[in-house]
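Asks: Given next are the chains, with one letter for each unit.
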Amino acid sequence: MSETATLAPRFAPGARVSVRRADPPGHLRTPWYIRGHVGVIERLCGAFANPEELAYNRPGVPKQPLYRVRFRQREVWPDYRGSAEDKIEVEIYQHWLEPA
Amino acid sequence: MRGHHDMGGLPAGPVERSEHDHALWEKRVDALMLLLSAPSRRLLRVDELRRNIEALPPDAYDRMTYYERWISAIANTLLQRGVITADELGRKMAAVAARGKDAP
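Protein chains in written order, with numbering that gives the first Met the number 0: chain A, 0 to 99; chain B, 0 to 103.
Hints are computed from structural coordinates only; laboratory data are not their basis. Please note: incorrect hints may appear among the correct ones.
From chain A, some residues computed to sit far from chain B (all C-beta separations above 12 Å) [what the hints assert, rightly or not]: (1) Pro12; (2) Gly13; (3) Ala14; (4) Pro98.
Keeping only pairs whose Cα atoms sit at most 25 Å apart, straight-line, the calculated DMTMM-like set for lysine to aspartate or glutamate is [claimed, not checked]: (5) Lys62(A) - Glu53(B); (6) Lys26(B) - Glu67(B); (7) Lys86(A) - Glu67(B); (8) Lys91(B) - Asp101(B); (9) Lys62(A) - Glu88(A); (10) Lys100(B) - Asp58(B).
Small disclaimer: the values here were computed from a predicted structure and weren't measured. Yeah, the Cβ is synthetic: ideal placement off N, Cα and C, and Gly gets one too.
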């Protein structure tokens, strides 16, 4: 497959998404603490070779869209004591996201 | 299973903010990584390095410094890629250690 092949973005800014609660072995860039949580697409950051494949010296194509996803701190951390408006943003690859 | 390195949100105490100068060997590790990963060679990728750092046993991960984790992961990546053999690396390490003993 060509090094420039890129998957089409599935999500637009503002879309509600949930992070897959997956736990495969390997090199994963989706932090444990955010899996299973629901957030909103803040922006599309671009498309990049999949680091889960690059970690095994494979080409990682087609490139995966990467999003910055915004979550409410109170939703992520049940004992969060800051403002209810506080947010946390995490960059997550498309294959870890589902419509919510 | 949550990886030992994947510690976001776990209790960890205060952040250590002090800076320190890098030792010569640490600069050499940084240079080694840049040279090995240059597009003209691509003998390792930073993603492979991260995978090998994450594969460290938890006690080693906690005990090792930043560049100790790097050099360990560089060695493991080059072994996995077949760039070097364990025998070559072992003999070279023994030779360097012996050289150090002879120094005044």
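Asks: Does each hint fit the structure? Answer for all of them.
Replies: Now for the hints, and whether the structure bears them out:
1. Pro12: holds (24 Å)
2. Gly13: holds (25 Å)
3. Ala14: holds (24 Å)
4. Pro98: Non-interface label on Pro98(A) holds, nearest chain B Cβ at 25 Å vs cutoff 12 Å.
5. Lys62(A) - Glu53(B): holds (23 Å)
6. Lys26(B) - Glu67(B): Measuring from Cα to Cα gives roughly 12 Å; hence the hint holds.
7. Lys86(A) - Glu67(B): violated (35 Å)
8. Lys91(B) - Asp101(B): holds (16 Å)
9. Lys62(A) - Glu88(A): holds (22 Å)
10. Lys100(B) - Asp58(B): violated (29 Å)
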